[in-house]
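Protein sequences appear in the order of chains G and S.
Just so it is clear: in the first sequence, position 216 is 216 by the working numbering, and no numbers are missing.
Just add 1000 to the spot in the second sequence (first one is 1) and you have the working numbering.
Keep in mind that a hint or two might mislead.
[Said to hold, decoys possible] With a Cα cut of at most 25 Å, we get these calculated SDA-like pairs of lysine to any residue:
| hint | chain 1 | residue 1 | chain 2 | residue 2 |
| --- | --- | --- | --- | --- |
| 1 | S | Lys-1323 | G | Gly-196 |
| 2 | G | Lys-323 | S | His-1315 |
| 3 | G | Lys-242 | G | Val-261 |
| 4 | S | Lys-1323 | G | Glu-164 |
| 5 | S | Lys-1195 | G | Leu-173 |
| 6 | S | Lys-1369 | G | Pro-285 |
| 7 | G | Lys-195 | S | Arg-1318 |
| 8 | G | Lys-195 | S | His-1315 |
| 9 | G | Lys-331 | S | Lys-1195 |
| 10 | S | Lys-1323 | G | Leu-173 |
| 11 | G | Lys-242 | S | Phe-1312 |
These are calculated hints, taken from the structure and not from any lab test.
There are 2 protein chains.
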Amino acid sequence: MCKGPEVEGELGQRGTSQLLINFKLHTQPFSLFWQQPCCYWPINIMYVSSRPSHEHCGRPCCVPREDVLTGGAVVWEDVSEVGSSLSGIINAEKSEFNEDQAACGQLCIRRCEFGAEEDQEWLTLCAEEFLTGHYWALFDGHGGPAAAILAANTLHSCLRRQLEAVVEGMVALQPPMHLSGRCVCPSDPQFVEEKGIRAEDLVIGALENAFQECDEVIGRELEASGQVGGCTALVAVFLQGKLYVANAGDSRAILVRKDEVRPLSSEFTPETERQRIQQLAFVYPELLAGEFTRLEFPRRLKGDDLGQKVLFRDHHMRGWSYKCVEKSDLKYPLIHGQGRQARLLGTLAVSRGLGDHQLRVLDTNIQLKPFLLSVPQVTVLDVDQLELQEEDVVVMATDGLWDVLSNEQVARLVRSFLPGNQEDPHRFSELAKMLIHSTQGKDDGPTGEGQVSYDDISVFVIPLHSQGQRSSGH
Amino acid sequence: MCKGPEVEGELGQRGTSQLLINFKLHTQPFSLFWQQPCCYWPINIMYVSSRPSHEHCGRPCCVPREDVLTGGAVVWEDVSEVGSSLSGIINAEKSEFNEDQAACGQLCIRRCEFGAEEDQEWLTLCAEEFLTGHYWALFDGHGGPAAAILAANTLHSCLRRQLEAVVEGMVALQPPMHLSGRCVCPSDPQFVEEKGIRAEDLVIGALENAFQECDEVIGRELEASGQVGGCTALVAVFLQGKLYVANAGDSRAILVRKDEVRPLSSEFTPETERQRIQQLAFVYPELLAGEFTRLEFPRRLKGDDLGQKVLFRDHHMRGWSYKCVEKSDLKYPLIHGQGRQARLLGTLAVSRGLGDHQLRVLDTNIQLKPFLLSVPQVTVLDVDQLELQEEDVVVMATDGLWDVLSNEQVARLVRSFLPGNQEDPHRFSELAKMLIHSTQGKDDGPTGEGQVSYDDISVFVIPLHSQGQRSSGH
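Just chain G, with the same shape it has in the complex:
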């Protein structure tokens, strides 16, 4: 294993519950800050596999590590205690730095302050009601590691703030129409005509708003520090017996049980979001500055396609039709390429994520941001309703893993590994390591398929059984 780069660190204090760290890495300055250091740890464990064909050593992990955060760093044993899970990260050959970031920790949601004067009595009922959740997050950076680092250090705080703003609604049997306790009883006609909102709808809303808030913070921070970049974000939160998975980007989370493999997220790429992106260009053609064509064709058109009837589709179409090629159709397509090669405006492989506020198409003034959304899609898994088995796990990983392993292959690896390692306290860590090993072209691996991923990969394995136990013990 190689040593990381030389890092100069400096610790400071910003506000009462924030820890500020300024450090330089390869002469590039970074500012990181933690909120609530007591119950949150950013994690990054450099894990380098031995690869049969490619002799290489890990490139630097651009993350706070032991060298930087004296006394505050977390190794995976600690992670196991916090959230019974693990993150393994591998540096592959795609970019100079590891651009994956991970974070996990407890989420302590305090009673909200506002409205306290208005209805002291109702608030008293839940004054002592603290909610505790668990939080895991993976961020896959692009255009540099800055956005991913900021996200790993900010998103949990945004989420905590958003949850604290609605926590009084969450602890009620049903979130009340009025947060500040002007309680309407179920027999009141006003109540009867109200839509039934559930506590989980507030958590979903909090996640959606937290992603937006975090995106704004990243935009401001990057601009202030003259840095650039963006990242995908995949977040899992265990709260009140449910697992919420929020995804913006192309990472993925799946549930693996003995007889079931269930996707808990879906990917947002220029291909999967084609219609939304084309629709935006249809509504605001000026966003393309006359440089791109909104229409999709099966391949890039060439001059000798002019006048021919060729296959195409527009924003309203899931199917295809034919059109006569005009000169404007020869422009570069808004979405080009297939599969892993698909690019938005020739630039970006994902259509949702955080950051990228300054990102423009090379040599133009065309911005990516209006096409790129920070809103996540949230999936809810009602863990309390599952008859949990000891070996039910959620596997979260950045795209590098899924490029070479299917959901079913990962499930097979999980099922083949866990039963034989029941006594190992680190078996979930070992499983995460093993999953990463399986992407490094080891022909003797359990899949025997020897596929190689050259991307950074981060994996969380979250055993649901221990989460369920926490929940029922609460």
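Please arrange chain S on chain G, whose structure you already have, making use of the hints.
Just chain S, lined up with the frame of chain G:
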């Protein structure tokens, strides 16, 4: 059974393959025209149930019937021959006229003409290649029957035209990039980099374009004749071994097999399309003319909600959050009400359909059309891949049926009816009738639940087995 209204009919000829009928109904003039009368029949069978609690007789069916179409009318025995299916329509108490319309028939797709000069040789290969499909459609009108009648008489022609424009691509092994036969062979680098488009993608595209084209025709026709109204559209097309179901509105199609009930469409209502509609109002706030609020609240806000923190959600949210009520939040909501009562701009219960080009919010200039889409969602059922059983059917029906019967209840009725009536040549007709009876509050009916629908109802029962046989015999 009651007799329909007095109808004055007049038959004319418009063009070579069009049949024009002008008639008056209750002094209101209607113009109907058929294209390709040889292989297409609009159908409308007035079927009135005896209801235990509500003594009523059928209101007039505003459709071409025997009285109008001398010699050309279709009764359901004929329908059975055409598409092995049936339409039953009941007049309930919601509106003065039956606003449901149905159509079914053969879809004869001829070889396309254009490009013939360019590559005679390639065209020769498929010069004799006529495709024949089957077409079933249900249209549920609102604001009068005019749009539904126009749709029943137009959409199949639009679809045929759209299919004929791409038929050469459909009969190829894989639709070629160039329609006019500048054939690129699979070893050509151009071909290799092309996305793989399937023949079914062309049918989906043709359906999407046909709905748009039909919508434009209806807009022009209604404007020219000073009429108003709109309709939902649910279309099933059996072509090349596949069943395509295109839906714009709140009708529904399901597949019922011995061990399976599969939805073949999903409904488009202000509730199911909330985010798209709110998003449009976010992008174009002027569409609400300051009269509506884009935000969703659990109930209509009142003056005394001002200043309170209340539950709300905006276009980017699937979850809920709280916000402090401002004066502008007291406006009427863009989408209001729940379930069957949900309305778009206080006016319309569906968010997709045909027509309504002139529809405005009462006493305002606010148009419904930009929020209302004519684009259908298309589902493909690969019938050739199913191991078809004699009693596998597709049930298509307007919303009146699904208001009182769930998919599972309909499936139970289908499974309880068909096995005991194997010898009856009209058993699918009888099944459709029975389904409609089951919505009329007959406590002794097979469901025993006695629910009553007061809406017009149309039902098609399409036995897949005979379709599969046609397909394999082709």
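These are the hints, each one checked on the structure:
A C-alpha spacing of about 17 Å is found between Lys-1323(S) and Gly-196(G), which places the hinted pair at or below 25 Å, so the restraint holds. Of the pairs offered as hints, the one joining Lys-323(G) and His-1315(S) is violated, with about 34 Å between alpha carbons and a cut-off of 25 Å exceeded. Proximity of Lys-242(G) to Val-261(G) is assessed by CA-CA distance (about 18 Å); at most 25 Å being required, the pair is judged to hold. For the hint linking Lys-1323(S) to Glu-164(G), the alpha-carbon distance of about 14 Å falls within 25 Å, and the restraint holds.
Between Lys-1195(S) and Leu-173(G), the direct Cα distance comes to roughly 51 Å. Violation of the 25 Å bound is thereby established for this hinted pair. Pair hint Lys-1369(S) plus Pro-285(G) holds up; C-alpha atoms about 21 Å apart against a cutoff of 25 Å. In summary, the hint linking Lys-195(G) to Arg-1318(S) is supported, as the alpha carbons are separated by about 14 Å, within the 25 Å threshold. For the hint linking Lys-195(G) to His-1315(S), the alpha-carbon distance of about 17 Å falls within 25 Å, and the restraint holds.
Under the criterion of a C-alpha separation no larger than 25 Å, the hint pairing Lys-331(G) with Lys-1195(S) is consistent with the structure, at around 18 Å. Simply put, Lys-1323(S) and Leu-173(G) have alpha-carbon atoms about 20 Å apart, close enough for the 25 Å limit, and the pair holds. About 22 Å separates the Cα atoms of Lys-242(G) and Phe-1312(S), which keeps this hinted pair within 25 Å; it holds.
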